[in-house]
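K.L.:
Chains A and B, in that order, give the protein sequences.
For the first sequence, the positions run 1 to 115 when the working numbering is used.
For the second sequence, the positions run 1 to 115 when the working numbering is used.
Since the hints were made in silico from the structure, they are not lab data.
There's no promise every hint is true.
The calculated DSBU-like cross-link candidates involving lysine-lysine, where the alpha carbons are at most 35 angstroms apart (straight line), are [to be verified]:
{"hint": "1", "chain 1": "B", "residue 1": "Lys67", "chain 2": "B", "residue 2": "Lys9"}
{"hint": "2", "chain 1": "B", "residue 1": "Lys67", "chain 2": "A", "residue 2": "Lys77"}
{"hint": "3", "chain 1": "B", "residue 1": "Lys40", "chain 2": "A", "residue 2": "Lys77"}
{"hint": "4", "chain 1": "B", "residue 1": "Lys40", "chain 2": "A", "residue 2": "Lys22"}
{"hint": "5", "chain 1": "B", "residue 1": "Lys67", "chain 2": "A", "residue 2": "Lys49"}
{"hint": "6", "chain 1": "B", "residue 1": "Lys44", "chain 2": "A", "residue 2": "Lys22"}
{"hint": "7", "chain 1": "A", "residue 1": "Lys58", "chain 2": "B", "residue 2": "Lys19"}
{"hint": "8", "chain 1": "A", "residue 1": "Lys58", "chain 2": "A", "residue 2": "Lys69"}
Partner residues aside, some chain B positions facing chain A, computed with beta carbon under 8 angstroms [what the hints assert, rightly or not]:
{"hint": "9", "residue": "Lys41"}
{"hint": "10", "residue": "Phe42"}
{"hint": "11", "residue": "Ile56"}
{"hint": "12", "residue": "Ala87"}
{"hint": "13", "residue": "Phe90"}
{"hint": "14", "residue": "Ala101"}
{"hint": "15", "residue": "Leu104"}
Restraint-style ranges between C-beta atoms, simulated for each label pair [said to hold, decoys possible]:
{"hint": "16", "chain 1": "A", "residue 1": "Ser114", "chain 2": "B", "residue 2": "Asp18", "range": "24 to 34 angstroms"}
{"hint": "17", "chain 1": "A", "residue 1": "Thr20", "chain 2": "B", "residue 2": "Gln14", "range": "13 to 23 angstroms"}
{"hint": "18", "chain 1": "A", "residue 1": "Pro115", "chain 2": "B", "residue 2": "Ser97", "range": "37 to 47 angstroms"}
{"hint": "19", "chain 1": "A", "residue 1": "Ser60", "chain 2": "B", "residue 2": "Glu82", "range": "30 to 40 angstroms"}
Computed from a predicted model, the values in this text were never measured in an experiment.
Glycine is no exception: its CB is placed at the ideal position from the N, C-alpha and C atoms.
Residues per chain, in single letters:
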Amino acid sequence: AQSVAQPEDQVNVAEGNPLTVKCTYSVSGNPYLFWYVQYPNRGLQFLLKYITGDNLVKGSYGFEAEFNKSQTSFHLKKPSALVSDSALYFCAVRGGNSGYSTLTFGKGTMLLVSP
Amino acid sequence: DTAVSQTPKYLVTQMGNDKSIKCEQNLGHDTMYWYKQDSKKFLKIMFSYNNKELIINETVPNRFSPKSPDKAHLNLHINSLELGDSAVYFCASTQASNSGANVLTFGAGSRLTVL
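Using the sequences and the hints given, assemble the complete structure.
P.N.:
If you want it as C-alpha cells, here you go:
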C-alpha cells in the first residue's frame, strides 16, 4: 500500500526566510508526487508535481520541490517566505502509471509565516 | 467560470436524518471523487467514479451512497446521520485517462455538522 508521511504538524518561519516542508513517501513502482495547498475554508489547490526527469520541480507562487529517490522524499521549498504563504500544505503520491489509481495524501503540515 | 461546484456549502442537521451533497464539474473531466476531511484535517478518499462507473470504494459505511447521473455530476447521499459524520466533504475531478500524472481539481467543500 502506498503512503505519505509529513513529519511536522506545523512549520514556523519568519517572512523573508527560506522555508521547507518535509514529505516522504512509500509506493510500488515509479511515484507521481504532488503538493497541494489549502487556505482556510477553501478547497485544495494544486501547487506542483513530479512525474519524471529533473529532480527539482518548480510550481506556483514561487514554490519548488526536490525529488530524492534514494531518500524517498519530496520536500517543498521556497527561498523567501511570505505571510500570505500561511496555509495547510498536503503532499500526495500516486503509484504506477494509471490515472485511475488512488491519490494518497499525507496528514498535512500547517505553515505559519510571521511578519 | 470553469470549476468544481458543491452544494450546499454548509449543512447542519440532527442525528438520524438523511442528507445529500451535490457536486458538478464543467471541466470536461472523466473522473470524480469524494474525499472526507476530518477535524484533524486528514483527507481520506471515499469514492471515485469514472464515466458514471464506480471505480474506487474505500471502507465507508453503507449509509453513504454516491450517485453519478452523468460524468459531470457526482452526488453523495448519507442516511441515518451520526455524530462522527461531521466533517468537510470535498468533491474533486480529473481527467484520469491522461495517466498517473493527472491533477485533481477540488471544490470548495461542504461542511456537515451533525448535532
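K.L.:
Now look at each hint and say whether the structure bears it out.
P.N.:
Hints and how they fare:
A C-alpha spacing of about 19 angstroms is found between Lys67(B) and Lys9(B), which places the hinted pair at or below 35 angstroms, so the restraint holds. With a C-alpha separation of about 39 angstroms, the suggested pairing of Lys67(B) with Lys77(A) is violated against the 35 angstroms cut-off. This hinted pair checks out: Lys40(B) and Lys77(A) have alpha carbons roughly 24 angstroms apart, not beyond 35 angstroms. Under the criterion of a C-alpha separation no larger than 35 angstroms, the hint pairing Lys40(B) with Lys22(A) is consistent with the structure, at around 18 angstroms.
At most 35 angstroms may separate the alpha-carbon atoms for a hinted pair to count; Lys67(B) and Lys49(A) meet this at roughly 30 angstroms. With a C-alpha separation of about 20 angstroms, the suggested pairing of Lys44(B) with Lys22(A) holds against the 35 angstroms cut-off. For the proposed pair Lys58(A) and Lys19(B), the alpha carbon gap of about 42 angstroms is over 35 angstroms, so the pair is violated. With a C-alpha separation of about 17 angstroms, the suggested pair Lys58(A) and Lys69(A) falls inside the 35 angstroms cut-off, and the hint holds.
A cut of 8 angstroms between beta carbons decides the hint on Lys41(B): the least distance to chain A is about 5 angstroms, and the hint holds. Taken as an interface hint, Phe42(B) checks out: its beta carbon lies about 5 angstroms from the nearest beta carbon of chain A, inside 8 angstroms. Satisfaction of the interface hint for Ile56(B) is found here, the shortest Cβ-Cβ separation to chain A being roughly 6 angstroms, below the 8 angstroms cut-off. For Ala87(B), the interface hint is violated, the least distance from its beta-carbon to any beta-carbon of chain A being 14 angstroms, above 8 angstroms.
Taken as an interface hint, Phe90(B) checks out: its beta carbon lies about 6 angstroms from the nearest beta carbon of chain A, inside 8 angstroms. The interface hint given for Ala101(B) is met, as the beta carbon of that residue sits about 5 angstroms from the closest beta carbon of chain A, less than 8 angstroms. Taking 8 angstroms as the C-beta cut-off, the interface hint given for Leu104(B) holds, the closest approach to chain A being about 6 angstroms. Distance hint check: the CB atoms of Ser114(A) and Asp18(B) are about 45 angstroms apart, inconsistent with the given range 24 to 34 angstroms.
A hinted range of 13 to 23 angstroms for the beta carbons of Thr20(A) and Gln14(B) is inconsistent with their spacing of about 45 angstroms. At about 45 angstroms, the CB distance of Pro115(A) to Ser97(B) agrees with the hint of 37 to 47 angstroms. A hinted range of 30 to 40 angstroms for the beta carbons of Ser60(A) and Glu82(B) is consistent with their spacing of about 38 angstroms.
Comparing the model with each earlier hint shows violations of hints 2, 7, 12, 16, 17; every other hint is respected.
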